[in-house]
Amino acid sequence: MLSAFRSGALKSVIQGHGAFKVLAVVPSRQGHSISKQERIETWDYVNSVYFGPERDMKNFPNPTQPAKHEPVRLGIVPQSWFDFMYPKTGVTGPYVFGGGLALWMMSKEIMVVDHYFWEIPSFWIMVYILCNHQKVGPQLTKWVAEKYEARKHVQFTRPINMMKDAEKANIAKLDRLIEETETIKHVHQAKKEGVEFQLEAAYRQRLQTAYQEVKKRLDYEVEKANTKRRFEQDHMVNWIVNSVTKSITPQQEKESIQLFQMDYLQLWSCKSIEADLSLGC
Amino acid sequence: MSSGAAKRVSKSIVDWARFTAVCPKHQLDMLRAVKAKHDTFINKVHTLPENLPKIDFAGYKARLPDPAMADRFEKAYAALSIPYPVDKANMLKQVEEEHQENEKKVKTYVANVQAAGQESKTFLSKIDSLPQFEEMTVEMFNYYFPETALNPERPTFWPHIEEQQPYNPEFKYYK
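Protein sequence lines correspond, in order, to chains A and B.
Quick note: the first sequence uses the numbering used here, first residue 1, plus one each step.
Quick note: the second sequence uses the numbering used here, first residue 1, plus one each step.
Rather than coming from a laboratory, the hints here were simulated on the basis of the structure.
Heads up, a few of these hints could be off.
Restraint ranges, calculated between C-beta atoms of paired labels, are given here [what the hints assert, rightly or not]:
no.	chain 1	residue 1	chain 2	residue 2	range
1	B	17	A	55	52 to 60 Å
2	B	50	A	241	50 to 58 Å
3	B	168	A	151	20 to 28 Å
4	B	159	A	95	47 to 55 Å
5	A	125	B	168	24 to 32 Å
6	A	146	B	107	17 to 25 Å
7	A	229	B	48	31 to 39 Å
8	B	122	A	60	26 to 34 Å
9	B	98	A	47	30 to 38 Å
Where is the CB? At the ideal position from N, CA and C, for every residue including glycine.
Please model the complete structure; the sequences and the hints are all you need to start from.
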């Protein structure tokens with residue numbers, strides 16, 4: 001499938017027909033934001049092309065970016081080439097082969113030693129020195145790694161994480177919305193209870209009124225009886241007193257006054273005698 | 001004294017804590033008003049006697065001029081039957097109907113919300129199905145994210161961001 005892309009399939013893709021119809025559906029570099037549905041469709045389709053049943057993962061595994069290059073000798077020549085020649089030619093074989101090849105190429109004027117010839121070996125020698133330098137080498141490695149990490153972050157990690165966070169927040173929000181629908185149950189309960197409590201209050205009000213009315217009537221009866229008795233007593237007392245006062249004649253009055261005067265005088269003399277006695281003492 | 005056909009209530013079974021927890025933030029004021037109103041109903045009920053209060057008829061019998069009168073009162077008071085008030089406007093039925101309607105609405109609403117949530121969950125799982133950045137070639141990346149890929153049919157000007165393209169209405173020199 002990958003070879004199919006290499007052999008000119010890209011042209012048909014760009015024109016909007018062929019293996020990747022998706023590009024025609026989702027025009028690139030356009031202002032409108034891509035919906036979730038569109039993204040899912042795109043990804044499903046691309047996944048089916050790259051990792052579908054037609055893909056021969058055994059012979060053509062997915063290429064990955066290794067974290068570190070394979071071991072090399074002389075800075076640029078792969079170690080595996082030396083390992084390949086070692087059983088047949090020994091340790092010096094590869095070097096002899098390299099030197100012999102260079103000599104042969106020079107003799108056939110495939111490799112011409114002109115003014116520009118030294119640019120190639122001097123460039124690679126400089127690269128070798130820089131990469132193996134004690135201070136510059138690690139710094140270079142670090143710089144390249146940082147560049148790669150930054151690109152990965154901007155292009156892939158950050159947008160993907162933003163999408164994930166947005167979806168998680170959305171799910172949490174929707175869950176909360178579902179939870180909030182429970183409100184109607186409580187509202188119903190509260191409304192029902194409101195009506196029931198008002199009925200109950202009215203009923204209790206009736207009880208209270210009945211009690212108060214009965215009690216009022218009883219109290220009235222008691223009070224009525226009390227008042228009647230009190231009035232009767234007062235009236236009786238007044239009547240008796242009045243009758244007695246009326247029955248007193250002027251003769252009787254005079255006698256009683258005389259009696260009072262005598263009593264008074266008697267009292268007065270007693271008092272004076274007491275006073276004398278006390279003075280005499 | 002008959003309790004009547006209607007069921008007597010004396011205690012609220014509304015779970016106000018849960019109610020407050022599930023209430024939407026913008027409706028908390030309404031909730032507070034409802035609670036205050038509800039509390040006035042309950043308080044009114046609690047200030048009044050639950051059953052017909054007892055009257056000390058023996059005491060009255062001693063005080064009344066006619067003890068037979070107290071007996072008559074006692075008999076009548078004991079036979080007193082106070083009817084439970086009737087829900088004339090049939091509010092309870094209205095409340096019930098309203099609840100049924102609300103439940104229907106909530107059912108469709110919850111179904112919609114759950115569908116949206118399901119879509120979000122599917123999208124999350126699809127994000128996880130993407131290959132790692134290290135496993136992607138530039139070509140693959142462009143197919144997965146066509147909006148970031150270079151499209152020769154729509155060339156862009158430097159600095160190649162949407163806000164500063166001549167066709168964008170937000171562009172300063174847009175005509």
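Hints, one by one, checked against the model:
Evaluation of the 52 to 60 Å hint for residue 17(B) and residue 55(A) yields a pass: the beta carbon distance comes to about 57 Å. Taking the beta carbon of each, residue 50(B) and residue 241(A) are about 55 Å apart, inside 50 to 58 Å as hinted. A hinted range of 20 to 28 Å for the beta carbons of residue 168(B) and residue 151(A) is consistent with their spacing of about 25 Å. For residue 159(B) paired with residue 95(A), a C-beta distance near 51 Å keeps the hint of 47 to 55 Å intact.
Restraint check, residue 125(A) to residue 168(B): a C-beta distance of roughly 51 Å breaks the suggested window 24 to 32 Å. For the pair residue 146(A) and residue 107(B), the supplied restraint of 17 to 25 Å is violated, since their beta-carbon distance comes to about 55 Å. The hint said 31 to 39 Å for the Cβ distance between residue 229(A) and residue 48(B), and at roughly 36 Å that hint holds. For residue 122(B) and residue 60(A), the hinted distance range of 26 to 34 Å is satisfied, since their beta carbons lie about 30 Å from each other.
Checked against the hint of 30 to 38 Å, the pair residue 98(B) and residue 47(A) fails, with Cβ atoms roughly 50 Å apart.
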